[in-house]
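Novice: Each chain, written out:
Number of protein chains: 4
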Amino acid sequence: MAEMSYRTALIVGVGAGLSAALARTFTGAGMKVALAARRAANLAALAKEVGGKAFACDATKRAEVEKLFVDIEAHFGAPDVVAYNASYRTRGPFVELDPAEVEKSLMVSAFGGFLVAQEAVKRMLPRAQGAILFTGASASVKGYAQSAPFAMGKFALRGLAQSLAREFSPQGIHVAHVVIDGGIRSAGRTPPADKPDSMLDPDAIAQTYLDILRQPRSAWAWEIELRPWVERF
Amino acid sequence: MAEMSYRTALIVGVGAGLSAALARTFTGAGMKVALAARRAANLAALAKEVGGKAFACDATKRAEVEKLFVDIEAHFGAPDVVAYNASYRTRGPFVELDPAEVEKSLMVSAFGGFLVAQEAVKRMLPRAQGAILFTGASASVKGYAQSAPFAMGKFALRGLAQSLAREFSPQGIHVAHVVIDGGIRSAGRTPPADKPDSMLDPDAIAQTYLDILRQPRSAWAWEIELRPWVERF
Amino acid sequence: MAEMSYRTALIVGVGAGLSAALARTFTGAGMKVALAARRAANLAALAKEVGGKAFACDATKRAEVEKLFVDIEAHFGAPDVVAYNASYRTRGPFVELDPAEVEKSLMVSAFGGFLVAQEAVKRMLPRAQGAILFTGASASVKGYAQSAPFAMGKFALRGLAQSLAREFSPQGIHVAHVVIDGGIRSAGRTPPADKPDSMLDPDAIAQTYLDILRQPRSAWAWEIELRPWVERF
Amino acid sequence: MAEMSYRTALIVGVGAGLSAALARTFTGAGMKVALAARRAANLAALAKEVGGKAFACDATKRAEVEKLFVDIEAHFGAPDVVAYNASYRTRGPFVELDPAEVEKSLMVSAFGGFLVAQEAVKRMLPRAQGAILFTGASASVKGYAQSAPFAMGKFALRGLAQSLAREFSPQGIHVAHVVIDGGIRSAGRTPPADKPDSMLDPDAIAQTYLDILRQPRSAWAWEIELRPWVERF
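Chains as they are written, first to last, in my numbering: chain A, 1 to 233; chain B, 1 to 233; chain C, 1 to 233; chain D, 1 to 233.
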């Protein structure tokens with residue numbers, strides 16, 4: 001197994017089961033973990049469990065994102081790894097969608113990713129090292145009926161990730177986009193008892209994130225799609 | 001040649017050579033044409049030339065888009081065809097990008113497309129007929145270095161177009177996305193004299209838009225990429 | 001409407017409704033049409049109807065393809081337009097597929113396309129003009145369960161078409177690949193009476209082939225997907 | 001790290017550095033390894049090194065592939081993992097390509113993959129477990145000028161892999177396609193001394209193959225693209 005040189009990770013958009021799984025997996029691999037979400041209170045227990053630290057941050061607000069990185073830097077040093085998991089969606093018949101909600105989808109799912117990536121890259125470039133992982137969804141590559149806002153946000157995030165991969169891979173920064181094509185199991189959303197692995201297990205997803213971080217730079221993936229074995233595709 | 005039943009077209013984002021070519025081509029095919037841009041003054045000459053009408057509208061403002069459709073309806077009846085050409089881009093080294101400009105890229109290139117499409121679909125659904133054409137770019141399908149904001153906006157617009165095609169094709173509304181992969185020739189941007197067709201001619205692009213409008217619904221395209229014969233791809 | 005300079009067309013793989021529709025549409029646009037299929041007898045009536053000529057040719061046999069072009073050249077002059085529609089498929093549970101049938105799928109659907117394109121390009125290059133159209137299917141871009149052989153043949157044909165577009169567009173030869181995503185209506189396969197256009201009408205497909213031939217070379221499409229308005233995608 | 005239940009692997013098309021790296025990596029992960037190539041003599045040293053066994057097999061010949069699996073079964077038991085790396089290419093100006101070489105490209109790069117997969121699946125289905133890994137190339141997803149035969153073969157192999165993933169994932173068989181987008185370093189092909197990791201290291205690629213084998217089935221990837229950090233894409 002290749003040695004991994006990353007020491008500190010920031011996970012943005014904590015709350016879902018995936019972020020908790022990433023926090024545990026990254027911690028298990030020897031990294032210090034910072035957790036960020038709009039309400040830091042939600043993160044307290046997880047931060048304590050993994051020995052990390054929680055930060056309150058609205059990722060769509062430039063000043064808050066700048067402050068987040070300054071605070072993390074003061075606490076841990078600049079993060080080697082940043083995972084952007086935040087997203088927001090509204091859905092329903094297209095003609096009934098609330099434009100304000102559509103704008104929020106774009107802001108949380110895509111613009112927040114830009115703000116976080118920009119602060120991250122500023123600190124990774126001088127060291128010519130680092131990794132930025134974006135969490136995508138089925139909607140990143142396929143626009144579904146009655147779900148244009150999520151497609152808009154997730155397509156945009158993928159465009160961001162691809163541009164960053166082209167711009168910064170040659171600078172030593174690994175940019176990857178993981179397309180989660182299926183439902184993630186969680187406390188409130190479990191698969192049928194007779195098909196326990198028919199939904200994506202957050203720990204299984206986190207394993208692939210870690211695999212990506214361990215790829216030697218002579219053979220980097222910029223995008224990986226994950227789906228349950230039984231998922232139609 | 002199949003008979004085309006569309007009678008009225010709205011072109012949003014006029015200014016570039018493409019919108020003028022669309023206005024002339026659509027007029028030549030027997031449609032009444034409405035032109036919309038932030039500054040209607042810029043459109044006066046073109047509107048006069050094609051016997052159409054110019055409207056001032058900032059496509060990122062919900063109230064202005066709603067008023068635009070009310071005004072067109074009063075003047076021409078609701079548009080059968082809507083072409084969304086507006087876009088905005090900022091580029092340069094990623095770490096130097098101004099977040100306000102990035103937000104504007106998303107708003108003009110994608111959110112404006114949502115607002116315009118929503119008003120258009122509201123009026124097309126009851127008639128079970130109409131066409132919405134979105135103008136894409138190379139950046140719609142490929143995120144380039146130093147150009148993340150344009151990729152974000154154009155990827156998002158493509159996600160919107162695909163969602164709408166899935167939701168509304170079965171309702172009789174033809175939604176199409178045209179990827180313009182190369183530079184469009186214009187007064188200020190001409191190809192070398194010895195290679196007169198090495199840049200996209202706006203009239204040639206407009207011809208394909210009209211071809212799309214004439215496709216019988218048993219064989220619709222939802223996406224077409226266009227590039228000059230000499231363009232590397 | 002742009003003037004089209006093509007005068008002679010060869011359609012390979014005649015038999016399906018599409019080839020007959022292409023023959024009629026191309027003839028209607030002023031082209032002389034040559035028809036080729038394994039059994040020329042099947043083509044006699046169509047050739048007579050359109051004032052063209054039928055040729056017997058097994059497109060998977062190099063000598064037969066070479067002779068086909070020599071014969072057409074003697075009769076009409078070299079074809080300006082070549083449409084390759086031949087394909088062969090076998091399907092069923094993967095473990096039960098007959099390897100000989102799988103090989104035939106590759107040979108008819110892809111290798112024949114290579115042989116025909118090679119003879120066509122040899123004659124188009126000196127004139128720096130011509131068009132080669134390949135007919136694809138849903139299976140060109142999506143490998144379905146129980147249908148690996150068709151996917152293998154159609155994916156391969158698409159790879160051929162894309163390579164040729166890259167190699168020969170800058171030489172003035174328009175190479176295009178049309179993905180037919182859905183069932184084509186024919187004498188033996190008709191849509192429900194209440195949904196007359198829920199299957200692809202061959203004439204509607206042929207209209208798009210002609211649109212492609214009329215595209216000015218400053219704005220060429222290399223691939224277009226067509227599907228019925230009601231088709232799920 | 002998830003426990004991996006695979007015990008035996010077959011690598012077809014040994015010769016390149018990648019197959020040797022796979023042999024060492026799979027052996028290191030506790031698997032018994034069978035190696036197959038047209039000339040088994042070439043594999044003797046590698047087989048000895050990894051404690052595996054070499055088999056002579058022309059993968060384009062049905063009878064030889066059937067015998068290969070019978071022989072492996074007798075020696076090791078049926079393989080849990082099969083990696084298909086064989087390919088053949090011819091390139092040059094399209095009009096100068098030798099059709100016999102083009103046919104060989106299709107046969108080795110794609111048809112051999114079919115034959116090997118069919119024998120593999122026959123043995124995996126009853127156990128509802130196994131993995132089939134196909135090695136792709138840049139040409140799997142992009143048809144380059146002067147390289148149509150390789151694109152045809154590699155596109156076809158990808159179509160096969162995708163069909164198999166759709167058909168057999170729900171049966172518990174993990175089918176994956178790895179796109180190697182760049183040059184692989186080997187004894188005869190090394191990167192510049194000042195850029196030691198500017199070509200794909202076979203061991204780095206093999207690490208990702210092993211990562212794929214270790215993915216829990218609730219989160220499987222069916223395709224991963226790998227390229228060196230400095231590779232243009």
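Any given hint could be a false lead.
When chains are identical, the list treats them as one kind, so a pair holds in a single copy or across two.
Claimed, not checked - Pairs of lysine-lysine residues, derived as BS3-like cross-links and limited to a Cα-Cα distance of at most 30 Å, are as follows:
{"hint": "1", "residue 1": "Lys122", "residue 2": "Lys48"}
{"hint": "2", "residue 1": "Lys53", "residue 2": "Lys195"}
{"hint": "3", "residue 1": "Lys122", "residue 2": "Lys195"}
{"hint": "4", "residue 1": "Lys142", "residue 2": "Lys195"}
{"hint": "5", "residue 1": "Lys67", "residue 2": "Lys195"}
{"hint": "6", "residue 1": "Lys104", "residue 2": "Lys67"}
{"hint": "7", "residue 1": "Lys122", "residue 2": "Lys67"}
{"hint": "8", "residue 1": "Lys142", "residue 2": "Lys104"}
{"hint": "9", "residue 1": "Lys104", "residue 2": "Lys122"}
{"hint": "10", "residue 1": "Lys61", "residue 2": "Lys195"}
In short, the hints are calculated from the structure, not lab data. Note that this is a predicted model, so its numbers are computed, not measured.
Novice: Taking the hints in turn, state whether each one holds.
Specialist: Okay, the hints, checked on the actual structure:
1. Lys122 / Lys48: Cα proximity of Lys122 and Lys48: one copy only (29 Å, versus 50 Å across).
2. Lys53 / Lys195: neither (36 Å within a copy, 38 Å between copies)
3. Lys122 / Lys195: Intra 45 Å, inter 24 Å, cutoff 30 Å: inter-copy only.
4. Lys142 / Lys195: Both ways: Lys142 and Lys195 sit 26 Å apart in one copy and 27 Å across, limit 30 Å.
5. Lys67 / Lys195: neither (44 Å within a copy, 37 Å between copies)
6. Lys104 / Lys67: both (21 Å within a copy, 23 Å between copies)
7. Lys122 / Lys67: within (14 Å within a copy, 43 Å between copies)
8. Lys142 / Lys104: both (20 Å within a copy, 24 Å between copies)
9. Lys104 / Lys122: both (26 Å within a copy, 22 Å between copies)
10. Lys61 / Lys195: Neither: 41 Å inside a copy, 40 Å across copies.
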